[in-house]
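Participant: Those protein sequences? They're chains A and B, same order as listed.
For the first sequence, the UniProt record's numbering assigns the number 1 to the initial residue and increments by one for each residue that follows.
For the second sequence, the UniProt record's numbering assigns the number 1 to the initial residue and increments by one for each residue that follows.
Some clues are possibly wrong.
[What the hints assert, rightly or not] Derived CB-CB ranges, DEER-like: (1) G176(B) - D177(A): 20 to 28 Å; (2) G187(B) - P115(A): 43 to 51 Å; (3) G187(B) - I125(A): 15 to 23 Å; (4) A66(B) - M117(A): 31 to 39 Å.
These are computed hints drawn from the structure, not numbers from a lab.
Even for Gly, the Cβ is constructed at its ideal location relative to N, Cα and C.
Chain by chain, the residues run as shown.
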Amino acid sequence: MASTKLRAGLLSALILLVLLGVWEILCQAPTSNAAAADDEYAQLMGATSQEARVPPPSAVFMHAVSELSQPFYDAGPNDKGIGIQLAHSLYRVLTGYFLAALVAIPVGFVIGMSPLMYRALNPFIQILRPISPLAWMPLALFIIQDSEASAIFVIFICSIWPMLLNTAFGVAGVRRDWINVARTHELSPLRTALTVILPAALPTILTGMRISVGIAWLVIVAAEMLVGGTGIGYYVWNEWNNLDLASVIFSIVMIGVVGMLLDLMLGAVARLVSYQE
Amino acid sequence: MSRYFVEARNLAKRFSQPGSEPLTVFENVNFGIQKGEFVCIIGHSGCGKSTILNALAGLDQVSDGALIMAGKEIAGPSLERGVVFQNYSLMPWLSALDNVIFGVRARFPQWSKEKIRQHSLDYLHMVGLKGSEARKPSQLSGGMRQRVSIARAFATQPQLLLLDEPFGALDALTRGVIQDELIKVWGETQQTVFMITHDVDEAILLADRILLMTNGPQARIAEAVHIDLPRPRRRDQIIHHPAFYKIRNHLVDFLVNRSKALQGTAPEADGFPTEINPALDLALDALHPGKPSMSPSKESSHG
Numbered sequence: 001m002a003s004t005k006l007r008a009g010l011l012s013a014l015i016l017l018v019l020l021g022v023w024e025i026l027c028q029a030p031t032s033n034a035a036a037a038d039d040e041y042a043q044l045m046g047a048t049s050q051e052a053r054v055p056p057p058s059a060v061f062m063h064a065v066s067e068l069s070q071p072f073y074d075a076g077p078n079d080k081g082i083g084i085q086l087a088h089s090l091y092r093v094l095t096g097y098f099l100a101a102l103v104a105i106p107v108g109f110v111i112g113m114s115p116l117m118y119r120a121l122n123p124f125i126q127i128l129r130p131i132s133p134l135a136w137m138p139l140a141l142f143i144i145q146d147s148e149a150s151a152i153f154v155i156f157i158c159s160i161w162p163m164l165l166n167t168a169f170g171v172a173g174v175r176r177d178w179i180n181v182a183r184t185h186e187l188s189p190l191r192t193a194l195t196v197i198l199p200a201a202l203p204t205i206l207t208g209m210r211i212s213v214g215i216a217w218l219v220i221v222a223a224e225m226l227v228g229g230t231g232i233g234y235y236v237w238n239e240w241n242n243l244d245l246a247s248v249i250f251s252i253v254m255i256g257v258v259g260m261l262l263d264l265m266l267g268a269v270a271r272l273v274s275y276q277e
Numbered sequence: 001m002s003r004y005f006v007e008a009r010n011l012a013k014r015f016s017q018p019g020s021e022p023l024t025v026f027e028n029v030n031f032g033i034q035k036g037e038f039v040c041i042i043g044h045s046g047c048g049k050s051t052i053l054n055a056l057a058g059l060d061q062v063s064d065g066a067l068i069m070a071g072k073e074i075a076g077p078s079l080e081r082g083v084v085f086q087n088y089s090l091m092p093w094l095s096a097l098d099n100v101i102f103g104v105r106a107r108f109p110q111w112s113k114e115k116i117r118q119h120s121l122d123y124l125h126m127v128g129l130k131g132s133e134a135r136k137p138s139q140l141s142g143g144m145r146q147r148v149s150i151a152r153a154f155a156t157q158p159q160l161l162l163l164d165e166p167f168g169a170l171d172a173l174t175r176g177v178i179q180d181e182l183i184k185v186w187g188e189t190q191q192t193v194f195m196i197t198h199d200v201d202e203a204i205l206l207a208d209r210i211l212l213m214t215n216g217p218q219a220r221i222a223e224a225v226h227i228d229l230p231r232p233r234r235r236d237q238i239i240h241h242p243a244f245y246k247i248r249n250h251l252v253d254f255l256v257n258r259s260k261a262l263q264g265t266a267p268e269a270d271g272f273p274t275e276i277n278p279a280l281d282l283a284l285d286a287l288h289p290g291k292p293s294m295s296p297s298k299e300s301s302h303g
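With the hints as extra help, turn the sequences into a complete structure.
Facilitator: See below:
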């Protein structure tokens with residue numbers, strides 16, 4: 001087993017090296033073969049290539065090192081460190097996400113336990129769920145009149161559905177036998193919910209929470225491109241406007257890394273509450 | 001006053017079927033259980049044994065008749081009636097010990113944490129699970145899981161213990177070992193037990209009385225067979241008892257032949273099953289050699 005792990009790691013490194021190598025070679029700036037008598041003069045005369053290029057990985061890496069060496073600098077509204085931008089995005093995602101959990105898990109419990117409530121609420125869920133969260137943005141901006149809160153609302157509305165449906169699914173699927181054990185032990189409905197149904201349904205609920213945090217992190221980038229000001233989504237768009245492609249690529253990688261970390265964290269929690277039948 | 005601790009009067013279970021007569025699974029079911037008695041019920045699949053047990057547990061309802069325990073009608077689940085389900089029904093996220101604690105805490109909420117723990121440990125050890133307290137059900141074998149389930153039921157010290165084919169899913173060797181555990185725990189606690197089984201030998205080993213059900217639909221309890229074998233019983237010894245095969249043959253004959261022949265026939269006048277004591281027959285045979293045994297015989301001093 002260990003050797004499989006090692007070999008997989010080596011293969012990953014190899015693939016990475018090949019991809020970066022190809023990228024590096026393709027994106028080299030052409031060397032001027034004209035007599036480099038006066039580079040500055042040539043540049044002024046437009047002799048060098050005017051074509052904008054995707055920066056090679058080496059340039060992106062150099063940029064990443066300088067950005068990550070001071071992630072929290074703040075030099076005015078349009079020049080903040082990557083750490084500050086990510087912190088803003090994380091704050092919005094986590095606020096919206098936990099508010100959604102606060103609503104989705106209790107409501108999911110009710111839907112899962114009561115076939116009546118399931119039937120009554122299902123049409124609303126089915127209509128609201130497929131709506132792109134960004135479609136809510138204009139309405140949210142108009143009603144809430146605050147871009148920060150609107151972004152949080154968009155995260156709330158997109159992360160509520162997987163948690164709600166998974167909670168309902170998990171609660172409805174709790175084995176009849178366990179409920180019967182609770183009944184023969186005369187547990188109150190509240191204690192049944194907390195000591196039998198909740199632990200039984202937690203793995204399914206956690207799966208929903210994991211899907212939700214992934215979606216929330218996808219949506220925050222788009223939402224921040226719209227509302228602007230701060231955050232990693234705004235940062236990407238701002239660097240695009242600056243035509244600083246090294247920054248754009250660097251922030252794309254950072255979005256991936258943070259998303260992965262969020263998923264890993266929820267995965268660890270999911271392992272804690274999982275059980276084997 | 002009823003002479004029984006638990007009494008079933010004229011139980012019936014019917015399912016309505018669209019477009020035809022309702023299906024009667026069983027009807028005219030009457031029986032009693034005395035305090036401290038171990039009663040087994042045997043019958044073919046579909047005769048409604050499980051429904052009767054679930055009704056006793058308060059988890060299911062009968063269409064007709066009444067179930068009375070200690071002078072009160074059974075209206076719903078209660079801690080006074082512990083249930084051991086065939087599929088163990090342990091909480092897979094709790095350890096063996098915590099599963100027992102789950103029951104004990106519900107039963108004795110006023111006890112201190114330490115007392116609950118100690119009490120649960122005692123019962124877990126009584127079924128031979130010393131050293132496996134911290135293991136999750138998924139890490140236990142089927143036999144060990146059923147022991148945890150039995151420990152949980154006994155630890156709550158209910159007035160009536162209901163066992164729904166508790167050893168049905170176990171292999172024969174494991175079953176024997178756990179039957180011994182059950183005899184031991186029952187001997188120490190003198191619980192009143194009502195148990196479903198499909199295993200004739202198991203019923204003879206454990207029961208004071210065996211209720212025999214005719215086939216369904218329209219099943220009823222036709223006979224109540226007394227097992228007058230001395231206790232404590234051991235699997236390897238009771239087979240040598242002169243009455244053992246008499247009882248066994250009687251039970252097998254019922255299950256193979258008469259359960260079908262008696263299907264749908266009218267019950268006795270009082271509705272209660274015929275009380276039978278094959279061991280007593282044997283004693284009579286010994287007194288009057290040559291006279292053919294008249295099994296199934298009526299024996300009126302019981303019941």
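Participant: Each hint should be assessed against the structure and marked as holding or not.
Facilitator: We went through each hint and held it up to the structure:
1. G176(B) - D177(A): 20 to 28 Å: holds (26 Å)
2. G187(B) - P115(A): 43 to 51 Å: holds (46 Å)
3. G187(B) - I125(A): 15 to 23 Å: violated (57 Å)
4. A66(B) - M117(A): 31 to 39 Å: holds (35 Å)
Violated hint for the displayed structure: number 3, the only one.
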